[in-house]
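Asker: Each protein sequence line maps, in turn, to chains A and B.
Heads up, the first sequence is in the numbering used here, so the first residue is 1 and it goes up one at a time.
Heads up, the second sequence is in the numbering used here, so the first residue is 1001 and it goes up one at a time.
It cannot be assumed that every hint is accurate.
Claimed, not checked - DSBU-like cross-link-like pairs, simulated, lysine-lysine; straight-line CA separation at most 30 angstroms:
#	chain 1	residue 1	chain 2	residue 2
1	A	Lys273	A	Lys365
2	A	Lys237	B	Lys1038
3	B	Lys1069	A	Lys198
4	A	Lys368	A	Lys345
5	B	Lys1059	A	Lys237
6	A	Lys345	B	Lys1038
7	A	Lys345	B	Lys1004
8	A	Lys139	A	Lys12
9	B	Lys1043	A	Lys237
10	A	Lys345	B	Lys1069
11	A	Lys11	A	Lys237
12	B	Lys1069	B	Lys1038
13	B	Lys1036	A	Lys345
14	A	Lys268	A	Lys90
15	A	Lys365	A	Lys99
16	A	Lys198	B	Lys1032
17	A	Lys237	B	Lys1069
18	B	Lys1032	A	Lys345
19	B	Lys1069	A	Lys214
20	A	Lys237	B	Lys1004
21	B	Lys1004	A	Lys328
22	A	Lys139	A	Lys365
23	A	Lys345	A	Lys328
24	A	Lys198	A	Lys99
25	B	Lys1032	A	Lys237
26	A	Lys139	A	Lys90
27	A	Lys139	A	Lys214
28	A	Lys121	A	Lys99
29	A	Lys40	A	Lys135
30	A	Lys272	A	Lys12
31	A	Lys273	A	Lys368
32	A	Lys272	A	Lys99
To be verified - Okay, the calculated bits of chain B under chain A, using three or more residues with CB under 8 angstroms as the criterion:
#	stretch
33	1004-1010
34	1046-1052
35	1059-1069
36	1078-1092
Said to hold, decoys possible - Derived Cβ-Cβ restraints for the label pairs, each shown as a range:
#	chain 1	residue 1	chain 2	residue 2	range
37	A	His219	B	Thr1013	31 to 41 angstroms
38	B	Thr1013	A	Ser324	28 to 38 angstroms
39	A	Ala360	B	Pro1022	52 to 62 angstroms
40	B	Thr1013	A	Val386	44 to 54 angstroms
Everything labelled a hint here was simulated from the structure, so no lab data went into it.
Built from N, CA and C at the ideal position, the CB exists for glycine as well.
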Amino acid sequence: MNFWGYRRPDKKVGIRNHVLILPTCACSSETCRMVTMQVKGSIHISNQNGCAQVEDDLEITKQVLAGLAANPNVYGTILIGLGCENAQPKDMEGLILSKTNKPLKTLVIQEEGGTTATIRKAVEYAQQMVEDASKLQRKEFGLSELIVGTNCGGSDPTSGLAANPVVGSLSDSLVDLGSTSILCETTEFIGAEHVLAKQAATPEIAQQIYEIIKRYEDHLANVGQSLRNGNPSPGNKAGGITTLEEKSLGCIHKGGHRPIVEVFDYAKPPTKKGLVIMDTPGYDIASVTGIAAGGAQVMVFTTGRGTPTGNPIIPVIKMTANQSTYVKMQENIDFDASPVIRSEKSVDEMGAELLQEVLAVANGKGVKAEILGFNDIAISRLCNYV
Amino acid sequence: MREKINALVINSTDSVAVVIEPLEAGEAATYKVNGKEKSIAVKEPIPIYHKIALLDMEKGQGLYKYGEKIGCALQAIQAGQHVHTHNLVSIRETIKNRKEF
Chain A
1 MNFWGYRRPD
11 KKVGIRNHVL
21 ILPTCACSSE
31 TCRMVTMQVK
41 GSIHISNQNG
51 CAQVEDDLEI
61 TKQVLAGLAA
71 NPNVYGTILI
81 GLGCENAQPK
91 DMEGLILSKT
101 NKPLKTLVIQ
111 EEGGTTATIR
121 KAVEYAQQMV
131 EDASKLQRKE
141 FGLSELIVGT
151 NCGGSDPTSG
161 LAANPVVGSL
171 SDSLVDLGST
181 SILCETTEFI
191 GAEHVLAKQA
201 ATPEIAQQIY
211 EIIKRYEDHL
221 ANVGQSLRNG
231 NPSPGNKAGG
241 ITTLEEKSLG
251 CIHKGGHRPI
261 VEVFDYAKPP
271 TKKGLVIMDT
281 PGYDIASVTG
291 IAAGGAQVMV
301 FTTGRGTPTG
311 NPIIPVIKMT
321 ANQSTYVKMQ
331 ENIDFDASPV
341 IRSEKSVDEM
351 GAELLQEVLA
361 VANGKGVKAE
371 ILGFNDIAIS
381 RLCNYV
Chain B
1001 MREKINALVI
1011 NSTDSVAVVI
1021 EPLEAGEAAT
1031 YKVNGKEKSI
1041 AVKEPIPIYH
1051 KIALLDMEKG
1061 QGLYKYGEKI
1071 GCALQAIQAG
1081 QHVHTHNLVS
1091 IRETIKNRKE
1101 F
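Using the sequences and the hints given, assemble the complete structure.
Answerer: As structure tokens, then:
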């Protein structure tokens, strides 16, 4: 089984061909947006961070920004900094170049002499990059080049009953075909960690699963907060999910049944093929951003209540097994898994259909969130701004 | 006559089922366990996708879904009653207190 993608100079394979206008910090974020308004084929991210952050928080931001530039769906990047920020443009440039040798240009607003002067140059660079990118043709690659993230948001009981098991079946197929499936959302392992630990390939990996949960709980305890406040959310409860362990037991079905071969930090790339875990928050937008920064080319996202979310870098395929949600939010949701609830199709039959959908999207089919123009970005954080 | 399946049980050890259509008091919740069809009388309205108790449970007793414990009963629960935040509470403590860690 193969897919059609774009080979990058760093040997990775993308399924989209974006030119990314990347702000180092919040102060250059609007300038990046204005550049994309003038160059069709370019995208930007909205960056709330990059300055006034403690060291560990700044490191997370820098890894995410550089990771997004290195994502194989990106042809090349124009990095725009302000000049005085913590995420210094020169440092960011170096970090990006340490991850990829794709085209990169850097502009600094304070050196260029303001917004308009920066935009003028950035537009010229972006026009050239979009033209160069447009000359690339898709080629056929094996699924070992594909990294798929899985996520769930706005869950209800249909997520754990059907949508997440269908994603689990997809995940098993991907792993068997040599691909990589990333399970994430650490806060939604809580109460189900013992099930995941049994799935770990080694005792060390089982221990790492417990460690990332403890780290999360300790972190929240340090600031006097509890995970129980806000999880399950009001929408989860209205849908019929009562406790956190019930929510988690439904969530972890996304991982399927193959051994977990690696556990790694937020926004880092996996180094192994197979089923892996990235330590991300349960907050969907931040977790999808982390997965994109880790180099996944596509995300499969289950929902029960319905969500419109989409990421600028990677297509987010949204699915639900709640028929009424699918009907109500069809313009936002790509895949209907409700036949499983009605026992019309088995989880594995639906999983095989979902694999075909993932391949179609990899080959270029636009997902609903891309067509609507969604651009959601959130970068995970440790503490308040300084 | 075969009744329509209107509730799903995930694991044969579960103490709750998920109803896949809204059910009213007096109706039957019909589900399959290990391929065998079973039915219980619904005691109170259950909204779609919410949980119904499959057996009588005492206060403090563990409730199971997915074959795993999802919390314990805040009060005595009768088979056929709605199970949600009013009668089911989370029991997961922080991980430091767990024996596996």
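Asker: Tell me the numbers of any earlier hints that the structure contravenes, in ascending order.
Answerer: As far as the earlier hints go, 11, 24, 26, 27 and 39 are violated by this structure, in ascending order.
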